[in-house]
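Colleague: Residues per chain are reported as follows:
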Amino acid sequence: MEFRNQTLENGLEIVAECNDQAYSMGLGFFVNTGSRDETSDNSGVSHFLEHMVFKGTPRRSAADVNRELDEIGSQSNAYTSEEHTVYYAAALPEYQTRAVDLLADIMRPSLREGDFETEKKVIIEEICKYDDQPPFGAHEKCMELYFAAHPLGRNVLGTADSVGALTPEAMREYFQRRYSPGNIKVVAAGCFDFDQLVADVETCCGGWEPFQAARNQTGTNGAAGFDFVERESAVQQYIVQISGGPSAQDADRYAHRVLSTIFGDEGGSRLFWAFVDTGLAEYAAAGTYEFQDAGITMTFLSCDPDAAVDNLRRLGDLQAAVLTEPVSDKELELAKSKICSQVVRRSERPSNRLFAVGGGWLQRRQYQPIKDVVEAYRAVTLDDVNEIAAKYPLHQTATVVSGPRTDW
Amino acid sequence: MSQQIHSHEFDNGLILVAQSMDWLESSAFTLALPAGCAKDPSDRRGLGNFTCEMVQRGSGSLDSREFSEALDRLGTDRSASVSAEHTSYGAATLADKLDETLALYADLVRRPRLPASQMEEARQVCLHEVQAVEDDLAQMAMQHVRLQTFGEPCGRSNPGDREGVSAVTSEDVAEFIDQHYVPNGAILSVAGKIDWPRLRDQVEQQFGSWQGASDSHSQSQVVHRAEYSHVEHDSAQVHIAVSYPSIPYDHADFFVARGALGVLSDGMSSRLFTHVREEKGLCYTIYATYSAVLHHGRVLSYAATSTERAQETLDVMLSELVRLSDGIDDGELNRLKARVKSALIMQQESSTARSGAMAGDWYHLGRVRTKDEITKAIDGLTVDTVNAYLAENRASDFSIVTVGAEPLRVAEPLAKK
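The listed protein sequences derive, respectively, from chains A and B.
Our numbering applies: residue 1 is where the first sequence begins, and numbers increase by one.
Our numbering applies: residue 1 is where the second sequence begins, and numbers increase by one.
The reader is advised that the hints may include incorrect statements.
Over the 10 Å line for every Cβ pair with chain B, so calculated as not near, a few chain A residues [what the hints assert, rightly or not]:
hint : residue
1    : Gln-249
2    : Gly-279
3    : Asp-310
Derived list of chain B stretches under chain A, where covered just means 3 residues or more per stretch with a C-beta under 8 Å from a C-beta of chain A [claimed, not checked]:
hint : region
4    : 76-90
5    : 281-287
Please keep in mind that the hints were generated in silico from the structure rather than gathered at the bench.
All residues carry an ideal CB built from backbone N, CA and C; glycine is no exception.
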């Protein structure tokens, strides 16, 4: 595998991991924008815009875009997070130039009013879908509680009201502020011709006008607190908790993920043995998330409403016990084996490498070969993990509970 | 890209099927046992699932925690699932850890400890699974429609019901294993970086002396009911599930049917996505998929939308399903061909995906379709052959389930229930 990158004059960067042995390629346009770049006046616009990008350009109607994505046999999609909006296609190498032309073209969408109103209905249905399913808004509410005034606490989808109130003008204004070539990375992984990629991107995107698209960066310590969402019709109770962690740029993130695997992996973790194996909860797991200037551990548990109070207490005890019953050699080795094997196996698919390469570049402007990632996890020591446990206490949490119980 | 499929039937009836994918670092296997929830006694719904939970609580010389640690030490990802026809154990690991992983799974299916002291914990796990579905309305709708379209027992869902799970005893679990965790009728499918002769020897060593045969060859009855039922729920959206009969997986026209279904639901220019979501904005999620049990196939379709737009969504969905019978065009077929070919090649980039697909092929066909064979079949499709098929196999006899605040109007002759 070979890493290559190049920057166009307008600031658009192309980063690529070339692998001649692969059978397919992943191609993505990674935009450094998301819900943290919104305000309460345009809440949900990043995600709504992600949908509108597929609705056509001066050269293509919405139906043309969808039709051509299928003509090249691609598996294409897009997602929006707090910090990133990513448009991608997995395709066979023979379609490389067409894939670039298509994805590049839709990055300059027409944002037509008729399409805007139709798509708004789809977005509102998407919001309803999540309202109807566990944990019934507890995830978003917990992010809000933990991040308080920090923009990472903003809801990615927005609400039915905020999306309902959005106008095409507000979306255009946001687009013109955020979709600068300098704020976008073209990322490729797998089997393709890099020189051709650069030439094609130059043809399609070389004319994009550059402008400033800065992000307001402020660190956060996170806020503890408790809240609940009443959902009378729910059969189970759901607990979501957030505690602190290292940011995407912090080298502590490896030790943090190892600790999180020991504490809360879906199988074989302390949470698993305490809650799932015993049948005390339906599900209990924790995972790490890293942002540009903050990181978190998110813990999730679902159980019988009757058991929720005891389980919440037990969860707190287990979190505190990470300090009083430090991680053992065995726990460390098992977690590292699991993570390293997973890193290698996931890397077999070019579409997975696309997200690793693109995410790494957006967050750190750094390319890491797979073996470096494996080595970084292998190098984590007991001291590292125990220091992380002390630095980011798992029991200092923002907690939101949802379900039928109201006696909190 | 070598596609040679190796297979071997051991004396005890166990089928080993494998594809060497030496471009990968990993190996994965699927061990499908003839122990599906269709075998649950009618007063023990959920027994297969309960058994699957119990066998993972220690086997051979290892207790539950030691077993889990052994797999973690190998860096093995695992899965366990119960469908109507199989209990399947899956594992994915780095290629040099395959032998040890297989040995652990030989213990798991052949020498489970079934610790009596953990029966109540396992029961709680299984009761939670029954309960979790009640908060997952999409799954609830699909479970109901599967029961309507495949009938008892093939349309069952694996968690069973509270009564059944509550009644399960240690003896039931032991008996289920004795009858259904058997080599004759089981398929072990392996894909990834493997050495075939060595793998075959290893499997012979680990599984060769295993004995037992299943009665799975006695075919279960499959009955489709064209009817509408509604499950009342205080939800923002109505979850709509529709099923209708299609041809079996082993039918000569399978790829014709598969092509037609692709036009309906594969990709962003497919008909359901275009006409229900993109043009009308009626819903966020909509799809149709093929589902099969032995010798029977169905199309299952799903959409969810808010209550006030649910009637229109159902009407448009049904009209699209019916309109497909009027035929497809060249553009639709060409896009479908391009997508299937890409998907086939991408399946070769994942040992897990490949091992699962191979086990499914073997169960339905008694052999594995290679990438070239499927490519040839898809390339051979023409608009005329697909349209002739569609004209003869019109979508009809819909089985419909809705979960939501209000029932919908369904035209006769379906609205009988």
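Colleague: Taking the earlier hints as the rules, which of them does this structure contradict?
Modeller: 2
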